[in-house]
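Chemist: The primary structure of each chain is shown beneath.
Protein chains: 2
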Amino acid sequence: MSETVLYVCTTCRREGDDPDGPRAGARLLEALRDRAGDAPDLRVEPVECLSVCKRPCTVAVASADRWTYVYGDMDPAASAETILAGLAAYAATPDGIVPWRERPAEFRKGVIARIPPFPEPRPRTAGALEAAE
Amino acid sequence: MSETVLYVCTTCRREGDDPDGPRAGARLLEALRDRAGDAPDLRVEPVECLSVCKRPCTVAVASADRWTYVYGDMDPAASAETILAGLAAYAATPDGIVPWRERPAEFRKGVIARIPPFPEPRPRTAGALEAAE
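Protein sequence lines correspond, in order, to chains A and B. Just so we're aligned, residue 0 is where the first sequence starts under numbering that gives the first Met the number 0, counting upward by one. Just so we're aligned, residue 0 is where the second sequence starts under numbering that gives the first Met the number 0, counting upward by one.
If you are wondering where the hints come from, they were derived from the structure by calculation, not from laboratory data. Warning: the hint list may mix true and false statements.
Under the rule of at most 27 Å between Cα atoms (straight-line distance), these lysine-lysine pairs were calculated in the DSS-like manner [stated by the list, open to error]:
#, chain 1, residue 1, chain 2, residue 2
1, A, Lys53, A, Lys108
2, A, Lys53, B, Lys108
3, B, Lys108, A, Lys108
4, B, Lys53, B, Lys108
5, A, Lys53, B, Lys53
6, A, Lys108, B, Lys53
The following block holds chain A by itself, in its conformation from the complex (with noise of 0.2 Å):
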């Protein structure tokens, strides 16, 4: 199974945080690697700004051979559990695109975008094809 990256936006303020504490951002990461320990084939990483500054906290989603999503109006602290619940049910198809009806409230309201999985550099060749296959 391919390895899932989530991208957790540190730079992320939202109204009321306390400007002497870690930001938003930075706690939700923190919530994160809490609760997802050593989960396999999973690694939360802390990004400098996913250019989503409007809609705190942002997170993005990754992973070979799948499509990526960004998603926004992440809580600090209670959406951690339904992130990792929805990259979950991500990790378990080929492609990354979980049946609506599947994903997280949260996911369903927050996407920010999604991009496609990044193409192969050059078409392969069917003996590529047949041994992938």
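Take the given structure of chain A and dock chain B to it, following the hints.
Modeler: Positioned in the frame of chain A, the structure of chain B alone reads:
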């Protein structure tokens, strides 16, 4: 130089689209293909929905080892030249990050999200490397 892929959402509609004609996104794809010609290292690909339905027309630009960017609010005709100019600036960078002032105004205003370059797979341990050999 790594190939750049420009994804154009052909599902995007715009107010005033002729219901019997091609949608705004499909017209943008055609305008881009006309102007891009046989540009080396650039692939223009149609895609069905980038999930940015509220800000048509929408495109995404991706390239191995570079950040991916998603842009909305593109005009189906007038934006083609700007998009190609923006892509040339993108392709000239090692990581896809064009200095803010050098980005076309339409890219600065229309940015929807950006996603880091997909990371290298987790480094294998010395033991795993040996086992593979």
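Chemist: Compare the structure with each hint and give your call.
Modeler: Okay, the hints, checked on the actual structure:
no., hint, result
1, A/Lys53 - A/Lys108, "15 Å, holds"
2, A/Lys53 - B/Lys108, "13 Å, holds"
3, B/Lys108 - A/Lys108, "23 Å, holds"
4, B/Lys53 - B/Lys108, "15 Å, holds"
5, A/Lys53 - B/Lys53, "15 Å, holds"
6, A/Lys108 - B/Lys53, "13 Å, holds"
In the structure shown, no violation is registered for any of the earlier numbered hints.
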